[in-house]
Each structure stands twice: as structure tokens, then as C-alpha cells.
Amino acid sequence: MPTSPLKMNKYIKSRSSKAGLGPGTLIHVGEHIRDNVKIELIDYNSNNYETRSLESIKEGLAFKGTGNVSWIDVEGVHDPSVVECIGEYFGSHQLILEDMLNTDQRPKIEVHNDFIFIVLKMLSYNEKTSEIDIEQVSIIFGSHFLISLQEGKEGDVFDPVRERIKKGTRIREKGTDYLAYCLLDVIIDNYFIILEKIGDKMEDLDNKLLHNPNSQVLQEIYSLKREIIFLRKTIWPMRELIGKFEREDSELIYDSTRKYLRDAYEHIIQIIDNEETFRDMISGMMDLYLSVLSNKMNEIMKVLSIIGTIFIPLTFIAGVYGMNFDYMPELRSHYGYFGVWIVMLVIAVIMLAFFKKNKWI
Amino acid sequence: MPTSPLKMNKYIKSRSSKAGLGPGTLIHVGEHIRDNVKIELIDYNSNNYETRSLESIKEGLAFKGTGNVSWIDVEGVHDPSVVECIGEYFGSHQLILEDMLNTDQRPKIEVHNDFIFIVLKMLSYNEKTSEIDIEQVSIIFGSHFLISLQEGKEGDVFDPVRERIKKGTRIREKGTDYLAYCLLDVIIDNYFIILEKIGDKMEDLDNKLLHNPNSQVLQEIYSLKREIIFLRKTIWPMRELIGKFEREDSELIYDSTRKYLRDAYEHIIQIIDNEETFRDMISGMMDLYLSVLSNKMNEIMKVLSIIGTIFIPLTFIAGVYGMNFDYMPELRSHYGYFGVWIVMLVIAVIMLAFFKKNKWI
Amino acid sequence: MPTSPLKMNKYIKSRSSKAGLGPGTLIHVGEHIRDNVKIELIDYNSNNYETRSLESIKEGLAFKGTGNVSWIDVEGVHDPSVVECIGEYFGSHQLILEDMLNTDQRPKIEVHNDFIFIVLKMLSYNEKTSEIDIEQVSIIFGSHFLISLQEGKEGDVFDPVRERIKKGTRIREKGTDYLAYCLLDVIIDNYFIILEKIGDKMEDLDNKLLHNPNSQVLQEIYSLKREIIFLRKTIWPMRELIGKFEREDSELIYDSTRKYLRDAYEHIIQIIDNEETFRDMISGMMDLYLSVLSNKMNEIMKVLSIIGTIFIPLTFIAGVYGMNFDYMPELRSHYGYFGVWIVMLVIAVIMLAFFKKNKWI
Amino acid sequence: MPTSPLKMNKYIKSRSSKAGLGPGTLIHVGEHIRDNVKIELIDYNSNNYETRSLESIKEGLAFKGTGNVSWIDVEGVHDPSVVECIGEYFGSHQLILEDMLNTDQRPKIEVHNDFIFIVLKMLSYNEKTSEIDIEQVSIIFGSHFLISLQEGKEGDVFDPVRERIKKGTRIREKGTDYLAYCLLDVIIDNYFIILEKIGDKMEDLDNKLLHNPNSQVLQEIYSLKREIIFLRKTIWPMRELIGKFEREDSELIYDSTRKYLRDAYEHIIQIIDNEETFRDMISGMMDLYLSVLSNKMNEIMKVLSIIGTIFIPLTFIAGVYGMNFDYMPELRSHYGYFGVWIVMLVIAVIMLAFFKKNKWI
Amino acid sequence: MPTSPLKMNKYIKSRSSKAGLGPGTLIHVGEHIRDNVKIELIDYNSNNYETRSLESIKEGLAFKGTGNVSWIDVEGVHDPSVVECIGEYFGSHQLILEDMLNTDQRPKIEVHNDFIFIVLKMLSYNEKTSEIDIEQVSIIFGSHFLISLQEGKEGDVFDPVRERIKKGTRIREKGTDYLAYCLLDVIIDNYFIILEKIGDKMEDLDNKLLHNPNSQVLQEIYSLKREIIFLRKTIWPMRELIGKFEREDSELIYDSTRKYLRDAYEHIIQIIDNEETFRDMISGMMDLYLSVLSNKMNEIMKVLSIIGTIFIPLTFIAGVYGMNFDYMPELRSHYGYFGVWIVMLVIAVIMLAFFKKNKWI
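Note that the protein sequences, when read in sequence, are chains A, B, C, D and E.
The first sequence maps to residues 0 to 360 in numbering that gives the first Met the number 0.
The second sequence maps to residues 0 to 360 in numbering that gives the first Met the number 0.
The third sequence maps to residues 0 to 360 in numbering that gives the first Met the number 0.
The fourth sequence maps to residues 0 to 360 in numbering that gives the first Met the number 0.
The fifth sequence maps to residues 0 to 360 in numbering that gives the first Met the number 0.
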């Protein structure tokens with residue numbers, strides 16, 4: 000997980016490589032993930048359902064289905080020509096097309112006369128690398144068409160939506176706005192899964208903290224803290240996004256959808272609440288770690304010091320009777336040696352009693 | 000009490016298990032607490048009072064009492080059919096029913112034309128486990144019916160309200176809005192009890208801090224801090240909830256009730272004030288703990304070091320006269336041995352005096 | 000002073016003992032301080048002045064003086080009958096009466112048609128216990144009557160106001176709103192005295208910090224910090240209270256009084272400013288304490304370690320020549336012993352020089 | 000510089016000594032600085048310029064000059080009669096006069112029909128004591144008269160304004176509002192000088208931190224931090240003051256002056272920016288100091304411990320061969336002594352190598 | 000990089016040297032960077048493009064080109080006469096001219112009837128000194144003229160804009176407002192580069208932290224933190240600036256440009272987001288550094304103490320048998336010496352086992 004900051008940095012780097020180019024210049028900014036662009040069209044209304052794989056975006060836009068809604072899902076945004084096609088179709092501004100290609104966009108919504116443009120982050124937990132994968136998703140929809148653009152990483156979170164369309168549930172009776180809401184909804188639901196994963200890690204770290212706090216734990220707390228910082232950056236703008244989506248006065252948004260958006264808004268608030276609680280807890284864990292470790296270390300140092308301290312006076316006494324003075328009466332005494340042992344034992348016992356009394360041991 | 004974070008996590012997990020399902024799908028999210036659903040109906044007006052135990056929620060909704068207000072209290076929300084019944088009766092949106100079944104809801108109020116829907120958290124202090132039990136309560140009321148849904152844990156905090164209805168106090172002359180207020184009021188009163196328990200623990204910890212600070216105390220402070228974080232998450236949204244309840248322009252809320260809601264609002268402000276004060280104090284205690292402990296440890300180390308330091312020069316002197324050189328004039332002297340003792344005593348006294356003078360001991 | 004948190008806790012406890020009672024139930028919540036209720040009436044206008052001690056509040060309310068203003072000061076709020084009388088006279092809501100009896104009220108103002116109700120905290124510094132005493136004061140006034148309710152602790156801060164009324168200054172020409180302002184004003188003036196006391200303690204602690212920082216100082220800083228937290232809780236709501244008093248559009252408040260309220264508002268802002276500065280400074284002192292102490296401790300440990308370190312190699316050398324090998328040429332040398340002394344001195348000097356050079360001593 | 004808090008405290012004390020007096024009572028609150036009151040009148044318009052020293056404020060107010068603007072500068076506010084005169088002339092409220100006499104006023108502006116009243120703090124850096132001197136300045140102006148009241152400390156910052164009036168620059172063509180702005184402007188310009196002094200000290204401390212961090216530096220950082228806290232208290236209210244001055248709709252403020260006030264407002268924002276940056280930096284320095292010191296101390300302790308640790312096993316070996324057993328074969332060997340030396344050297348080298356390898360030395 | 004604070008200080012110093020001068024006095028405040036002023040004129044419309052180097056600003060303002068837009072770029076602001084010329088041309092207020100000359104201006108925009116004035120900071124990363132160079136840029140534009148004033152450091156970031164004008168892209172069809180936007184845009188793009196550089200340093204420090212945390216790293220973290228503080232001061236006001244530019248209702252700003260400004264606004268938000276994330280991360284690194292270092296140091300001290308502790312009892316035993324008592328039976332035993340060795344080994348093993356068991360080693 001310590002690679003998260005590197006990722007961020009990479010993003011910024013890519014963006015900086017664009018510095019100086021005119022605004023609206025269409026260049027793909029981000030990782031180059033896949034070579035071919037995968038385009039899928041789902042066309043449906045309450046009665047019909049059709050799905051097909053497309054060669055080019057143009058083919059999709061030219062498609063005149065019987066359905067109310069045509070959803071074109073594009074995986075792979077590195078090809079500016081795809082984006083240009085969309086731009087022509089919706090008559091959208093160059094800057095929006097630029098936003099689609101730039102995979103380091105801040106989540107936002109733009110409501111235009113003929114279409115609504117949404118850009119947000121899809122998070123998924125990569126079991127292999129135990130990392131959070133971030134993928135940017137752009138959604139643009141008009142009255143009949145909805146186009147979703149993904150960066151094109153392996154797999155997405157939209158399968159449940161495809162399933163629901165296929166099964167012919169309520170979604171088939173609604174328009175593009177409801178489809179857009181559904182896509183947002185599954186993305187937001189995945190945030191809960193990410194929170195759960197973070198929660199699991201925190202539980203795990205909490206156990207380690209109490210039973211075996213070592214420097215490894217510190218690294219993990221620190222890296223978890225960093226993950227939460229990044230999560231925060233992703234989810235806070237969502238609040239504004241969904242709130243604006245709900246309130247916005249557009250013909251493209253039906254009133255019946257607004258209730259669902261309100262619900263999504265509350266989910267985001269709850270996610271933010273949980274994330275803030277995690278933030279509080281993780282900094283509490285950091286403090287606790289330091290305290291526990293410092294406690295443990297002090298405990299060790301104390302025991303070691305006490306052992307040392309008890310023997311120091313005894314060694315001194317042994318040293319005294321190791322002196323070679325001609326005249327040392329004790330040395331001549333028959334019971335001198337035993338006497339010294341007794342004296343040393345008494346001193347040791349007194350010191351231990353003193354330490355005990357002062358609750359040092 | 001360190002189980003609190005686990006609980007939260009469990010909640011999020013359950014929620015995440017719903018990811019991908021369509022919005023408004025009625026599935027119970029939360030712990031499965033009891034098998035049967037307990038339903039109780041209380042019907043009253045200023046003259047009459049009737050209570051009965053019901054088999055099903057339908058029976059209750061079909062009930063035509065003589066009273067002004069029919070309060071149906073449902074314990075156990077795991078059965079979606081109960082919730083569906085309510086949905087049909089009030090004609091309420093699927094999303095509200097979903098909120099009732101989902102026990103990880105953020106406290107909120109929704110004011111509709113024909114009914115008002117409130118969801119909030121009932122806290123109670125479990126003496127056995129010394130833990131705070133959280134139970135979600137949903138309240139939905141129209142002009143004559145009020146339905147309260149509890150998760151169904153053992154016992155609730157509504158007995159005083161039942162008692163007051165039975166005794167025939169002012170509550171019998173008022174409508175469903177006043178009953179809803181009364182239920183909120185007893186729930187809020189219980190927050191004061193939770194605060195008191197936390198206050199007790201803080202007093203207790205404060206005493207331990209001053210008299211016997213050990214690593215156990217740290218754990219307790221930390222776990223108390225966590226409890227306060229969770230309490231915070233529960234009570235902050237209440238402020239908005241009650242505030243909206245008071246201000247909202249609905250025919251279901253009588254003006255005479257608003258004064259009481261204002262009072263409840265002030266109670267919540269006071270609870271938040273106290274909780275924030277606790278938060279300040281607990282982090283102060285954390286700091287104090289570390290200071291006290293570090294003071295104590297330094298004190299020990301200092302004494303041990305001083306003992307060691309005094310004996311090191313003395314041991315050195317003893318070592319010198321333990322050397323076996325052929326020609327060491329002191330060894331031959333008759334008073335050499337006594338002289339060395341005197342020298343060593345003088346050195347010890349000088350060092351002690353030096354330490355004393357510098358206030359090191 | 001560490002008793003402050005206990006006090007707070009006690010308050011919350013008392014409040015919690017009310018949980019479950021119907022709203023508006025008149026029960027005294029707080030310490031039982033005095034047995035009898037002391038009631039004093041002061042009636043005045045620009046020409047006349049009359050004062051008398053009353054048996055009951057009824058007597059006072061029935062009183063028809065020649066004056067414009069009748070001020071009834073009640074000490075001791077434990078008797079609900081007193082409060083009920085007031086309620087009847089002003090026709091005020093049960094909840095207000097409840098607020099009067101409940102001595103854990105948050106400072107607030109309520110403006111009604113016929114009367115204004117203010118509740119706030121009177122702070123006084125108890126020289127005997129070096130503690131801040133908190134006493135709740137309720138003020139309720141209509142066009143001719145002003146009733147002040149104190150908890151009934153020994154003494155109050157209203158004497159200067161009584162004096163001014165007696166002397167016949169401007170206050171005699173004004174109405175109940177100005178009297179209310181005067182009472183607020185003396186209470187606020189006493190906050191300055193409390194700030195001064197806290198300032199004195201901070202100066203004192205600052206001196207101790209620089210000259211003799213011990214663990215006692217830590218306790219004092221910590222307890223002062225706690226006092227400031229509590230003070231904060233008391234004075235912040237005053238800002239809102241006075242602000243609302245000034246702005247509120249009521250026939251009971253004359254425009255001429257508003258200027259004075261503006262002045263009081265500025266005093267509160269200034270008190271809050273100072274309190275916040277104290278807060279900043281006390282946490283700075285906490286940090287400084289820890290730094291100073293850790294500095295001092297490190298200094299000690301360093302000196303002790305250095306002493307130890309110098310003697311360790313010397314003791315080693317002495318040990319070497321204390322060995323009993325048959326063939327050790329140095330032991331046979333006539334100057335061996337003196338040579339060893341010289342070697343040891345040289346080593347000691349070199350080590351001291353090294354320590355000196357590195358600025359360790 | 001550690002005297003700053005004492006000063007503040009003294010102020011509050013003085014204020015508290017007024018507790019209980021009626022509002023508007025004219026008593027000087029603050030240090031008694033000078034015996035006589037120095038009054039200077041400057042009268043000017045675009046053509047004429049006249050300056051004279053006055054005996055009393057009355058003389059000034061009675062003065063009918065040819066000029067548009069009569070500026071009366073009063074040094075020394077301890078005499079209530081001066082303030083009373085002003086009050087009579089402007090017909091101003093008692094509370095304003097009280098504010099003039101009370102030298103612990105929060106900066107503020109009051110716009111009345113016939114006059115504008117400003118109170119603010121003049122800061123100057125006292126080279127002798129290296130302290131920031133605070134002096135309260137009240138400015139009251141009507142259409143022709145402007146009166147400035149200073150506490151009367153040695154010197155003020157108004158000389159550049161006097162100079163400009165004398166020289167006959169633009170200031171001569173403008174009214175009292177512009178003169179008031181000019182006075183504010185020089186006072187604000189002096190805040191920059193104070194910031195510069197603080198910046199110098201920070202540079203200085205930064206150097207000390209890197210090259211010679213001792214406990215003296217800690218004291219200085221701490222005292223600088225305190226100075227910044229106080230500066231903050233002085234400059235933050237200025238933002239509101241100037242902002243209100245600029246926006247206020249009064250006949251006394253010409254539109255042409257507002258642009259200058261906007262400029263002054265930006266200066267204050269910039270001063271606040273810098274002060275907040277200083278605040279961030281000083282707490283960074285505090286952290287750095289502790290880290291640097293703790294680093295240095297750990298470094299010392301480590302070296303000392305290593306020296307000790309190397310000699311401990313060697314001393315043990317020497318001790319072994321100092322034992323007096325009858326049968327110890329090594330002692331009899333001719334090369335035993337040299338062998339032991341070799342063993343000891345080997346042990347020392349191995350330990351040093353181990354320490355080196357682990358990067359401990 | 001530790002020179003950053005010095006720079007800031009220098010700026011404030013320069014500003015303070017102006018204290019007392021009348022407002023609007025034209026004096027250059029800042030470093031004197033170059034002797035001659037370099038002036039370049041670019042005149043263009045959709046068809047024509049002309050560029051020339053000018054001797055004086057007057058020449059440029061008198062220029063009547065065929066183009067729609069005349070952009071005069073001035074490098075070097077130390078000469079007040081240049082600024083005075085501009086003032087005359089635009090009829091702008093003295094205070095604006097003062098702002099141009101004062102290179103310590105807070106970023107801001109002023110919208111006047113005939114012209115818009117913008118002042119902001121151009122950041123560039125100096126590879127040689129690894130420092131961030133700050134240069135103030137003022138932009139003033141009317142309907143046909145745009146004048147940009149730079150401090151005159153070597154190089155600027157405007158080359159891409161010059162290139163685009165030369166190449167005849169969209170910029171040639173737009174007005175001065177779009178040119179102003181383009182200049183802002185390249186400046187903002189350079190902030191991304193600065194962020195990237197800071198990100199690189201953070202990655203670098205992160206590596207060092209994990210593999211070789213030494214006191215050098217602390218210095219670097221601290222200096223990076225300071226750089227971020229300064230960056231923050233520069234970019235936060237940009238948000239307000241761009242936001243105001245976008246919203247402002249002026250004839251000089253075309254609607255088509257507003258979309259681009261909205262885009263620039265989002266870039267600034269993103270830069271602020273990243274900067275705040277960096278801020279969070281850098282303080283996390285500071286904490287981690289201290290923890291890692293303290294961990295490492297404790298580890299060392301522990302090992303050293305353990306070595307010491309094991310040998311102390313052994314040395315004591317050797318000391319005992321080095322005593323010279325006449326009667327010590329063990330000394331006479333033939334196996335005494337070997338027995339002592341065994342005893343000592345057993346003790347060492349027991350202690351090691353104890354340490355091991357307690358996970359101290």
C-alpha cells in the first residue's frame with residue numbers, strides 16, 4: 000500500500016506534461032492501460048432489450064433502437080477520436096472532452112441544456128495487491144443516450160446494473176437519468192466495500208497493537224492513514240456532486256429520480272461520517288502505538304537498570320576485598336568470606352525491597 | 000468496550016453485502032436479534048385507553064379505535080413483510096421502507112404530505128457488559144397512527160411514556176406529534192444517562208491517573224475516547240433532526256408541540272456541549288497520562304543512574320588497589336586500607352552533595 | 000481545583016435522574032443548598048425607593064408600589080411552589096418554570112410577548128477553596144416586575160446594583176430592561192475577575208515553570224486547563240444571549256438600553272478573546288513544561304552517563320593489572336604502577352577533551 | 000519578552016477593579032503614564048497651515064480656524080475632564096467616553112450620525128527592551144474636527160502625517176475622513192515593521208536551531224510564540240474595523256476615500272496572512288527544536304553507551320583472570336597474558352564491526 | 000531550500016521601509032533585478048501578426064496596429080516612469096500603480112469600468128538552486144491593450160502563449176480577456192509542475208525515511224513543510240481571484256471566455272486539494288520520522304543494555320573470586336575454576352532465555 004502516494008504523483012506528473020498546451024487540446028493524460036477500446040451497447044425499454052458489441056463509437060451513436068435508452072459503455076479512453084465523436088454528437092465544449100481524457104479529474108457534475116456530464120472515481124479493492132484501485136469514470140447523458148467512459152482497467156462494478164436491465168426490473172421503465180443514478184449508486188456502494196476493507200485492516204491493526212506492537216505495525220498504521228487521506232480526497236467532492244445532481248433544475252432529471260438521488264446523498268454523508276470516524280480512530284491508534292511501545296521499552300529498560308543497579312554495589316564490595324593491602328583485618332578472619340556473602344545478600348534484599356516498596360518492580 | 004469498533008465494522012460489512020442490489024430492495028440489514036416480532040397497540044384519547052397485543056401489523060392498521068391516537072410499537076425489524084404493510088398503509092416510498100430495515104441508518108427526519116418519518120438511535124447502557132448498546136428506532140406517524148419500529152433488543156426506554164398514557168396525563172389530550180416528541184424526549188433523556196456513565200468512568204480514570212497510572216489506564220482512556228467518538232457520531236445528526244422537526248411547516252405538527260421540540264433541541268445542544276467537553280478532557284487525560292508516566296519513569300531511571308554513578312568511581316578505586324604490581328607503596332602502608340575507605344566515603348559524600356545541590360535528588 | 004469535573008458530572012447525574020418524567024414536570028434539579036427561601040423586594044422610581052423582606056413570592060407579586068419597577072430577588076430555587084407562583088403571574092409555559100428549577104441550564108434568552116426570560120451563570124471566585132463557584136441565575140421580567148432567582152449560595156454579585164438604586168442614580172429613571180441589563184453587567188464584570196484570577200495563576204505557573212518545574216506544576220497546569228474548558232462552556236453561549244437581547248424586537252426593550260447591551264456584547268467578545276488567548280497559552284505552557292522537564296532530565300542523564308563512561312575504561316585497566324598471570328612484565332617494573340596512573344589520567348583527559356569538543360559537557 | 004503575559008494580566012486586573020461601577024462611569028483604566036496632558040492643534044486647508052500647542056481641549060474645540068480640518072492630538076488620557084469636553088462637543092454617549100478612558104479596548108469602529116469613533120492599537124517596537132509596546136489610540140472625527148487620543152507614551156507614529164500636512168501634499172485638499180485614513184495607514188504600516196522584527200527574530204532562531212540548539216532557544220521560541228498570539232489578538236479585529244469603515248454608509252466618508260480604505264483593508268489581510276504563516280512556522284520550529292535536541296541527546300547517549308558496552312565484556316575477562324583459584328591453567332601459561340590481550344582486542348574489534356555494520360556508529 | 004523564510008522576510012522588510020510615505024507614492028518595492036527594462040509588443044488579429052521590441056512603453060501605447068489585440072510585455076518593474084505611463088493611458092488610480100511596483104502584493108483582481116487589473120505570482124522551479132522562484136506578474140487589460148509586467152527575472156512561462164499566437168490558433172480570434180486567461184492558464188499549469196517537484200521530493204524523502212532515516216531527513220522534511228506553507232499562501236488567494244474573474248459582470252469579459260475561466264477555477268481547486276493532501280502527508284512524515292528514529296534508537300539502546308546486563312552478574316562473580324580472604328573454600332577446590340565458568344555460562348543462558356521469552360530480544 001505504500002505505493003499510493005507514488006500513484007498520485009504520477010498523475011500530477013502527467014498533468015504537468017500538458018503545461019503550455021492550449022486549453023481544450025485533446026491529449027490523453029493518464030496510464031496507458033489497454034490497446035483496443037471495448038465498446039458495448041445496451042438498448043432497452045420496458046418491453047425490449049438488446050445488447051451488442053460495437054467496433055466504433057460512431058456505430059453506436061448512429062444506432063436507432065426501439066428502446067428508450069441506449070447505454071454505450073466504453074472501456075479505454077486513450078483514443079481521442081472516441082471522445083471527439085462524442086463531442087460532435089452532443090455538441091459539447093472542447094473542455095469537457097478534455098476532462099474525459101484527463102484521468103486526474105476532480106469529481107464534478109456539469110448540467111448543460113442538452114446533456115449532463117458527470118466525472119467521478121470508481122474505487123475497487125484489488126485482492127492481489129491489497130491496494131485500492133482508482134479508475135475514473137465519465138458519464139454523459141442526453142434524453143436517450145447515456146455514454147459511460149472507463150479508463151479500461153480489468154473489470155468494472157456495473158455488472159449488477161447490466162443484470163437488472165436484463166432481468167427487466169423497474170430500471171427498464173425509467174429514463175437515462177435513472178440509469179445514471181444506478182451507475183452512481185453501484186459506484187457508491189463500492190465505497191462501502193472499501194470502507195469495510197479499511198475497517199478490517201483497522202481491526203487487524205488494533206489486535207496487533209494490543210498483542211504485538213512492533214515497527215511493522217507503525218508502517219501499516221501510517222500507510223492506512225495515507226489511504227484514508229486519499230479516500231477522503233475522492234469522496235468529499237462526491238457530496239457536492241450528488242447534491243447538485245439532486246437540486247439541479249434540468250429537463251433531463253425527472254422528479255421521481257430525485258428521491259433516489261436524495262438517498263444516494265445520504266449514503267455519501269454516511270460514507271463521509273465513517274471515513275471521518277476512521278480518521279479520528281487512526282490518529283488515536285498512532286498515539287496509542289507510540290504510548291504502548293514507549294511503555295514496553297521503558298519496562299525493559301527499567302528491569303535491565305534494576306538488575307544492573309543491584310549488582311553494582313555488590314561488585315564494589317567484591318572489588319574492595321580484592322584489594323592487595325598488606326593490612327586488611329577482614330581478610331584474615333575465618334568467617335570473613337561468609338560474612339561478606341551475608342552482607343551482599345542483605346544489601347540485595349534491601350534494594351529489592353526498596354524497589355518493591357516504590358512500585359518500581 | 001474495545002468491541003465498539005468491531006460493531007461498527009460489522010454494520011458496514013452488512014451494508015456492503017447489499018452492494019449491487021437495486022435501490023429500494025427490501026432486505027433486512029443488521030443483526031438478527033429475535034425470531035418472533037412483538038407488536039403492541041396502545042389506543043387512547045382523553046377519555047379512553049386501550050392496549051392489546053397483536054399478531055400482525057395488519058391487524059393493527061385495520062383497527063378502528065375510539066381513540067385519537069393509535070400507537071403501534073413493533074419490536075423486531077427483520078421481517079420485510081411488516082415493513083411492506085406499513086408501506087402500503089402510508090403509501091410511502093420504497094426507499095423509506097429500505098431505511099427502516101437497514102439498521103445502520105444515519106439519524107434523520109423526512110416530512111411528507113401524509114406522514115413524517117424519523118429514524119434515530121436509542122442508546123442504553125448495558126450494565127452486564129459495561130457497553131453502550133445501540134438500537135435503531137424508526138418512527139412513522141400520520142394524523143392518527145404512530146408506528147415505532149425497534150430492532151427488538153431486550154427492553155426499551157419507552158416504559159415511562161406508556162405509564163404516562165396509562166395514568167391519563169396531558170399526553171392523552173394531544174396528537175401523534177406530541178407522542179412522537181415524547182418518544183424522542185425519553186430517548187434523549189437516556190443520552191444524559193450515557194453521558195453520566197462516561198462521566199463516571201472519567202472520574203474513575205482521573206483518580207487512577209493520579210494514584211496509579213499503569214498501562215491498563217491507557218487502554219481504558221483509549222477505549223473511552225473511542226466510545227466518545229461513536230457517541231459523537233450518534234448525537235450530532237440529532238441536532239439537525241430536532242431542528243428540522245421544530246421548523247418544518249406540516250399540518251401534522253401542532254404549534255403547541257413546537258415549544259416542546261424547542262426544549263428538546265436545547266437538550267441536544269447541551270448534550271453536544273457536554274460531549275465536546277468530554278472530548279477535550281479525554282485528550283487532556285491522554286496527554287496527562289503520558290506526562291505522568293514519563294515523569295515516573297524518569298524518576299526511577301534517575302535514581303538508578305545515580306546509584307550506579309556513585310559506585311563506579313569507588314569500584315574503580317577498589318580495582319586500582321587490586322592490581323598486582325610489585326611496587327605499590329600504598330599497599331604496604333599500615334593505614335592504607337583505612338585510608339582508601341575514607342577516600343571512598345569522601346568521594347561518595349561529595350557526589351551526593353553535588354547531586355543534591357543541583358536538585359537531582 | 001480538580002473537583003471541577005466532579006461537579007459537572009453531578010449535575011448531569013441529577014438531570015439524568017429526571018429521565019422518563021413528563022416534560023414540564025416541576026422538580027428541583029441541583030444541589031439542595033439552603034432550607035428557607037429568602038425573598039427581597041426593591042420598588043423604585045425616580046422619586047421613591049422602598050425595600051422590604053417578603054415571606055412569600057405571592058406577597059411580592061400582589062404588591063402595588065408607587066414605583067415604576069419592582070425587583071423581587073429570590074434566593075433558593077428548591078421550592079417548586081415559588082416557581083409556580085411566578086408561572087401563574089406571567090402566564091408562562093411549564094417548560095420555562097422547569098428551566099428555572101433545573102440548575103444545569105445552558106445560558107439562553109427567550110423573548111415572549113409579555114415577558115423576557117433569561118437564564119445564565121454567575122461565577123464567583125471562592126477564596127477559601129480557590130475554586131470557581133458556579134451559580135445559576137434566572138431573570139424574568141415584564142413591564143413592571145423583574146424577578147431574579149438565584150440558587151441561594153452565600154452572597155451574590157448584585158450589591159453594587161442595589162447600591163446604585165439606593166443612591167438614586169440614572170438607574171432609577173429607567174425601566175425593567177435597564178435593570179436586567181445592570182444585573183447582566185455585574186455578572187459579566189465578575190467574569191473579568193475570574194479571568195484575572197486565572198491570569199494570576201498562569202503568571203504564577205509561568206514563574207514555577209522557569210525556575211522549578213516539577214510534577215506538581217503539571218497537575219496545576221492540567222487543572223487550570225480544565226477550569227478554562229469549563230469557563231469556555233459558560234461564556235460562549237453568553238455571546239448569543241446578549242446578541243439576541245440587543246437585536247430582539249420587543250416592546251419591553253427600550254432603544255436607549257440597546258446601546259448598553261451593545262457595550263455588554265463587546266465585553267463578552269473581549270472575555271472570549273481573553274479566554275481563547277489563555278487557552279492558547281495554557282497549551283503552550285503544557286508543551287513548554289514537557290520540554291523543560293525533558294531537557295532537565297536529559298541534562299542529568301548526560302552528566303551521569305559521562306561520569307560512568309570515563310571510569311569504565313579506567314576500571315578495565317585496573318582490572319587488567321589485577322589479573323594473576325604468572326608472566327606479566329609490567330607488574331614487575333618498578334615504575335609500572337606510576338605508569339598505569341599516568342596512562343589512566345591521560346585517557347581521562349582525552350575523553351573529557353573529546354566530550355568538551357563535541358559540546359557534550 | 001516573557002513580560003507580555005504579565006502586561007495583559009495587568010490590563011484585565013485594572014478592568015476588574017471597575018466591576019460594580021455603573022456603566023458609563025468615567026474612570027481612567029490603564030497605566031498612569033504621564034502627569035500633564037499634551038495637546039497639539041493642526042489646522043489646515045489647501046492653502047493654509049497652522050499649528051499650535053494648547054493648554055486645554057476646550058481651547059481647541061472653540062478654535063475657529065480658516066482651515067477645513069482641525070486635528071487635535073491629545074497625548075495622555077488619564078484625565079476624565081478632557082474626555083468629558085469631547086463628549087460635550089460631539090454630544091456623544093457616555094459609553095464612548097468610557098471606551099476612550101479604558102485602555103483595554105478591543106479595536107472597533109462606531110459610526111454615528113455626526114461623528115465616527117474609532118479605537119485601535121498602535122504597536123511600536125521598543126529597541127531598548129526588545130519588546131512590543133502597545134498603545135491605545137482613539138480617533139473621533141466629525142465634519143471639521145478630528146481628535147486623536149493617545150495614552151501618552153513617549154513618541155508616536157504620526158510624524159509622517161504631520162510632515163505631509165506641513166509639506167502641503169494631497170492630504171491638504173481632503174477632509175477629516177482622509178486624515179483618519181492616513182492615521183490608520185501609518186499605524187498599519189507600523190504593523191509591518193513589527194512583523195519584520197518578528198521575522199528577524201525567527202531567522203535568528205532558525206540559525207540558532209540549526210547550529211546551537213540549547214534550552215535558551217526553547218525559551219525564545221516560546222516567548223516569540225506568545226508575542227505572535229498577542230499580535231494576533233490585536234490585528235484580527237482590525238480586519239472587521241477597516242472593512243466596516245469602508246462599507247459604512249455615512250456622509251462623513253467621501254467616496255474618494257473608500258478606495259484608500261480598500262487598500263488599507265488589503266494591507267491588513269496581508270498582515271494577517273503573514274502572521275498566520277509565522278504562527279505555522281513557529282510551531283514548526285517548536286517541533287524541530289524538540290526533534291533536533293532529542294536527536295542530539297540520543298546521539299550522545301548512543302556513543303556513551305557504546306563505549307560502555309565495549310568495555311564491559313573486556314572488564315569481565317580481566318575479572319576472570321583476577322580470580323584467585325588455586326588451579327587456573329591459563330595463569331600458568333607463559334603466553335597467557337598476551338593471549339588475553341589478543342582475545343580482548345578481537346572482542347573489541349568484533350563489537351565495533353557489529354556496531355558499524357548495523358549503522359549504530 | 001531553507002532560504003525561503005529569509006526571502007519572505009526580506010519582502011516584508013522592503014515594505015516596511017515604505018512606512019510613513021503617503022499612500023500612492025510610486026516607489027519600487029522589491030529586489031532590484033535588472034538594469035534595463037525589456038519591452039516587447041505583440042499585435043495580432045485573426046489575419047495578421049506582428050511583433051516588435053520597444054524602447055519605451057509610450058511607443059507601445061501610441062502604437063495603432065491593425066490587430067484586435069496589442070499585448071505589451073514588460074520585464075523589469077523597477078522604473079516608476081513605465082508604470083506612470085500605464086497609469087496615464089488607462090486613467091488608473093495611483094494605488095493600482097503602487098500595487099504594480101510593490102512586488103509583495105497579495106494575488107487579487109480589480110475590475111474597473113475601462114480596464115481589469117490582475118496581480119498574481121508566477122512560480123518556477125529553479126533547477127540550479129533547487130528552489131522555488133517567485134516572480135510577481137501584473138496584468139492590466141482594456142478592450143484592445145493588454146500589458147503584462149514581470150519583475151524581470153531570467154525567463155518567463157509565457158513562451159507557449161507567444162507560440163500559439165504565432166501559429167495562429169484560436170487565440171488569434173479572441174480578445175484581450177482570452178489572452179489574459181491564457182496567461183493565467185500557463186501560470187497555473189506551472190503550479191502543477193511545482194506540485195510535481197514537491198511530490199518528487201516527498202517520494203524521495205519517503206524512501207529515505209524507510210531505509211535511512213537520519214537527521215538530514217528531518218531537515219529536509221522541515222524545509223519541505225515550509226515550502227508547502229509558502230505555496231499555500233500563494234495559491235489560496237488564486238481561488239478567489241479566478242472565481243471573481245469568472246463571475247464579474249464586465250463588458251471586457253466575453254461569455255465564451257467564462258467557460259475557460261471555470262476550467263481554470265477547477266484547476267486551482269485541484270491544486271489546492273493536492274497541496275492540502277501534501278500538507279497532511281508531510282505532517283504524517285514528520286510523525287513517522289520521529290517514530291522511526293525513536294524506534295531505531297530504542298532498539299540500539301536495548302541491545303546495548305542487554306549486553307551490559309548479562310555481563311554485570313558475571314563480572315560480579317569474577318569479582319567475588321578475586322577477593323583475597325584467607326579462607327575461601329571454593330578457591331582451593333581443583334574444579335573450582337571450571338565450576339565458576341559453568342555457573343557463569345548457566346547464568347548467561349538463563350538471562351538470554353528470559354530476555355527471549357519476554358520478547359526483549
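Worth flagging that the hints you see were computed from the coordinates, not collected in a lab.
Be careful, since some hints might not be right.
Identical copies carry no separate label here, and so any pair may be met within one copy or between two of them.
[As the list claims (entries may be wrong)] As a list, the in silico DMTMM-like pairs of lysine to aspartate or glutamate whose alpha-carbon atoms are at most 20 Å apart:
hint : residue 1 : residue 2
1    : Lys232    : Glu274
2    : Lys152    : Asp34
3    : Lys355    : Glu49
4    : Lys127    : Asp325
5    : Lys301    : Asp248
6    : Lys173    : Glu250
Honestly, which of those hints from before does the structure not fit?
-> 3, 4, 5
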